[in-house]
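Combine both chains into one complex, guided by the hints.
Single-letter residue listing:
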Amino acid sequence: MTNAHAKPTLRVDDVACFFDVSPSWFDRTVMRKPQRTLKAVDGLSFVIPRGTTFSIVGESGCGKSTLARMVVGLYQPTRGTLSFADGSGRDGFVRTQMIFQDPFASLNPRWRVGAIIAEPIKQMALRPSGVETQARVRQLLETVGLSGQDSNRYPHEFSGGQRQRISIARALAAEPEFLVCDEPTSALDVSVQAQILNLLKDLQRELGLTYLFISHNLAAVRHVSDRVAVMYLGRIVEEAATDEIFERPQHPYTRFLLDTVPNLDRPNRDRMQATVDLPSPIDPPPGCAYNPRCPLATDICRTAAPESHPVGGSLVRCHHAIA
Amino acid sequence: MRAAPLPNDRPDTGPVLDIRDLVVEFPTRRGVLTAIRGVSVTVERGEILGIVGESGAGKSLTGAAVIGLLEPPGRIAGGEIRIRGRRIDNLPKRDMMALRGSTIGAIFQDPLTSLNPLLTVGDQLIETIRCHLPLSRAEAAMRAIDLLNEVGIPSAELRLQQYPHQFSGGMRQRVVIALALAGEPDLVVADEPTTALDVSIQAQITALLKRICRDRGTAVMLVTHDMGVIAETADRVAVMYAGRIVEIGPVDDIIRRPQHPYTRGLIGSIPSLVTSHERLVQIDGAMPRLNSMPAGCAFHPRCVLADTRCRSTLPPLLTNGSGLAACWNLAAGNAVEAA
Ligand SMILES: Nc1ncnc2c1ncn2[C@@H]1O[C@H](COP(=O)(O)OP(=O)(O)OP(=O)(O)O)[C@@H](O)[C@H]1O
Ligand SMILES: Nc1ncnc2c1ncn2[C@@H]1O[C@H](COP(=O)(O)OP(=O)(O)OP(=O)(O)O)[C@@H](O)[C@H]1O
Ligand code: SF4
Ligand code: SF4
Ligand SMILES: [Mg+2]
Ligand SMILES: [Mg+2]
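These protein sequence lines are chains A and B, in that order.
Note that our numbering gives residue 224 to position 224 of the first sequence, counting from 1, and the numbers run on in steps of one.
All you need for our numbering is the position in the second sequence, starting with 1, plus 1000.
There are no misleading hints in this set.
Listed next, the stretches of chain A that the computed footprint assigns to chain B, with coverage defined by at least 3 CB atoms under 8 Å from CB atoms of chain B:
| hint | region |
| --- | --- |
| 1 | 48-59 |
| 2 | 101-111 |
| 3 | 255-261 |
| 4 | 280-293 |
Chain B is nowhere near these chain A residues, computed Cβ spacing over 10 Å in every case:
| hint | residue |
| --- | --- |
| 5 | Gly-43 |
| 6 | Thr-78 |
| 7 | Phe-93 |
| 8 | Leu-126 |
| 9 | Arg-136 |
| 10 | Asp-299 |
| 11 | Ser-308 |
| 12 | Ile-322 |
Examples of chain B residues lying across from chain A (beta carbon under 8 Å, computed):
| hint | residue |
| --- | --- |
| 13 | Ser-1055 |
| 14 | Gly-1170 |
| 15 | Thr-1195 |
| 16 | Leu-1197 |
| 17 | Asp-1198 |
| 18 | Val-1199 |
| 19 | His-1225 |
| 20 | Arg-1289 |
The hints are simulated quantities; they were obtained by calculation from the structure and are not laboratory data.
Since we're looking at a predicted model, the values are computed, not measured.
Built from N, CA and C at the ideal position, the CB exists for glycine as well.
In isolation and in its complexed conformation, chain B is listed as follows (with noise of 0.2 Å):
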């Protein structure tokens, strides 16, 4: 048996994963930082949503706060998360810690804090496997060896016998997602899965996660800032700002028709293999600190778009074309405000 499964009577037909307006906080001696300000989104069945944004943008908050594991003094201050109906975000830590693992797989941004280095990986995927699933030993190791192949690890009836610090960077970050694989989630939480990755094995990571998806129906919430990885991999992309999620819709509209200013930034600044420019295109200007978030759009200090509105008044989250975007100076004719 899994650990604390999730009724099964429920319709199969709602998101996966389902959140609304959640907002978290860390309370500090100088006043409460607010680091995600009201994020709503779901992820269906078989769905990869890539989640994008500069670095602090609340990506890896969002993710932690799924699966329970806010580092205190953080906390959810408000909003929902739901798994497939079931209301997550006010279980005890003894329940979050059975979904963690059975119902959500968790791949972190830093390997090193998911892996014991005292422990051999044998040791710690085995244990992993029989927390999640009904295997002897014997049965369990030959999963083992299996995932540590289908994760592109050579030599792995060796390789389980190897400590995380005689493996590779990219090693330890496949080993990790190895483990997040271990129990068969229902929801894959992927926090930079491939950043330590060559891209032949960000290859082969990638056409994993998306086999799941399609073989079981495993919904997957992918952090990265790779747009690469997004444009193949990704069905739908939450792009966040400071806390918020400014732009949201389809993978092909995002990359090809990007209508946030802040989204044709991002795009924008990517590096081209074709040509090697003298400099790259930079966003100007940085992320807003937590302790001093500007009025209106947190994005207008850096937007070549900002007028006195923007600096005012905050722009909701709107139906525009197949998607949807936080901004008042939307191309003409695109946006299709619900005033």
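Chain A extracted, bound-state conformation (with noise of 0.2 Å):
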């Protein structure tokens, strides 16, 4: 079935997406402040392999959503391009799927939970009749660890990490190939994690779907991922097999990361902190964005932006891991 000349499910080459930030028109013609850029992803390339698992960390705002969003289509690319295989979609590729990272948001509140997942089932007619569809519906929600009764009830009816779970059972009804999970367990409880992790490495065997994941739980993005790629400010900074990165990580950021883990094997530590004002997009600093808080950085980091090179098994953004 897996083929490894056959078409990545996706590949992403050299896309960017900004906004324009600038402040009020007022502000820009009689206070004379100037026009703001925000470049929240600038120049990613990666390839999802068919049946594997690519995983995204990296610092709230570095630009995972963003990602994700122009991976399903809700923001369109400033530049670059994103390619997908062939599949079962509506416009012939892949049939995608993305598990919002806000769940409350994402779940019409006047719909009941039945309702919501029956709906993508009926829009691509993928279950004959309304009985079947109904059968569906409630396997869907057995499998996320919710009972078939509670599609009668409304999403406000459900606790936090209920809803979640509603979303990926959404998410599921549509039978996708890819699917793109933004924090999809964030608002879950170890065991209901545990739970779902599990079901989607199933689905995975089973189907061979391929999943871009990104979560901000470095212990749920190892048990998950093939491949991780780790971002700062809109970049990848360190790309590598799971373990590689885990066992061997290259990048003072992406070992940075490792660190500030929480650990429960010491609690009430304090944790290694940022000690520095993190960056902002708008204003990213010059040469190398992690250049601030970089306990390596020299005079060459401050001026000249690395290129992305191998390094053992890694591809890293940074100027002084070498080979």
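Now the structure itself:
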């Protein structure tokens, strides 16, 4: 089934997404404040082979959701291309679904849960009759750890984690070939999270699904991914196979991320903290964007932006990571 | 002046928050669903109490009851909630609104519901600050910029002019935290404040919460499913299951020596960074539904230690070592039954 020469599910080529965040017209013309551009994503390239999981990690605001939104067509890239493999989607490409970071905002509050989950099934005519659709909805609810009876209730009657599971059930209802998961388990407690992560793995094994997995939960990422990309301020600073990233992190920022993970074995310790102000994508520092926080920064880091190059088994964007 | 200040003649010795036998119900057409079934807990000055438990355990509802924001038809059907000795569960809506923000700061699980999509983040912050502190608009704007910096949002000045949809998920959550802290409250009820945040910002937020606890004596009720955050933030932890507290104690004991079978399962299902297991441990089965609560110990259908007594009689929350636990079959020698 999986063919090494088959077209990857997704190929991302130098994709960028900029937002105009200029002050109001008044401030610009009267107060002479300058026009401002926010470079949420600035030149990403990677491929996701069919049947694998590619994860993106990185600080809040580094551009992960913006990338996800471009992948599912909610934002247009300012530059670059996204190319998908052929599949059973309506446009002839792989059928893609997204699990949104904010499940509250993505569920229609006036619809019963059953109707919310049945909608993609009806729209794509995935099940022949009403009865079979109903049965499928019940089955999906049970797969995500809810109950068939829940289909008659409204989203506001559920707890946060239960709502997130409803949005997962809805995404699975469309029988996607490619699933973009934006923090799919962040509102879930560990036991339900384990259940969902195991479910995603099972589906991948059985049906060959491809995942783009976005999460700040590094343990979850380690558990599900084949490859991991670390983003910083709109760029990928390191990309490698999962074990490589976790066992031999090359980029100073990757090392910092791994060091900051809360640690059950050392309760109440004060974690290593970002001592420098976090950089803004509106006003990125010159040279390597990480230089104000980097313990290894030298003069070249403050003037020249490093290019991505192979170091060991990783692709690393750092002047001082040497093969 | 702050809105509706609490009388200052009260001694500062008692707990800031005192919940006793709280019961929360939802009347429905097919009968009354009881979601919180007798929760008692206190939070002291400068203390961070963690509340953990699986999805649907009743964590958010407990928080919502404290801040007076149960969604109707949900209602408090029993028990008392006191803040610095003053009963608040029966306060009229208007007094409760005044209390929220000034005495109680609320951080909701869902950042979007606490932000108005039609107002800029700056307007919302400035309005909240001026509602609770006697500042001019310009002073409040300065304070808003400080707050955004404190929660780790760079380019704060420009960000004030943006709308919530222009922020990333984690940034919105941090704006909500800034809003909750704006009125310098005595009690902060934080429902999953760091779930949408990556580890380094998480560290910054937990450090901020610890700092306001230490410096201002703020009491914090921290609802989260993230044991890592609990481990390094909370002083004590309450574990909830099916609307009840099943175990409560100092953080180190709960994490290192969990007594209740449910707590042990919770701790065991945390994915580890050190090894990538093929499958994660899961506690089999699911939390019971509100309309079909099992008799006896609500955990018995999922518990490997369950016996006949567990299936018929509810175990009381009893002193056990340094904390309390509700289970008939605690490891021998640990249970100090006050029978
Ligand atoms: N408006 C409502 N009507 C009926 N049941 C409700 C309502 N709101 C909450 N519940 C139920 O009450 C229970 C407790 O919900 P709560 O939101 O407190 O859970 P939680 O512990 O915060 O879970 P999570 O971790 O998923 O956020 C859940 O079973 C939920 O379905
Ligand atoms: N519609 C928009 N208009 C203006 N700026 C935007 C818009 N959407 C996103 N941004 C900006 O782009 C940057 C990246 O946002 P994005 O949502 O991709 O972050 P993220 O990596 O998903 O972060 P988080 O972990 O907090 O969800 C942020 O600075 C954000 O403010
Ligand atoms: S290029 Fe320089 S500043 Fe950037 S990560 Fe490497 S050492 Fe640090
Ligand atoms: S009381 Fe019985 S069923 Fe409940 S947790 Fe203890 S051993 Fe298990
Ligand atoms: Mg995001
Ligand atoms: Mg909740």
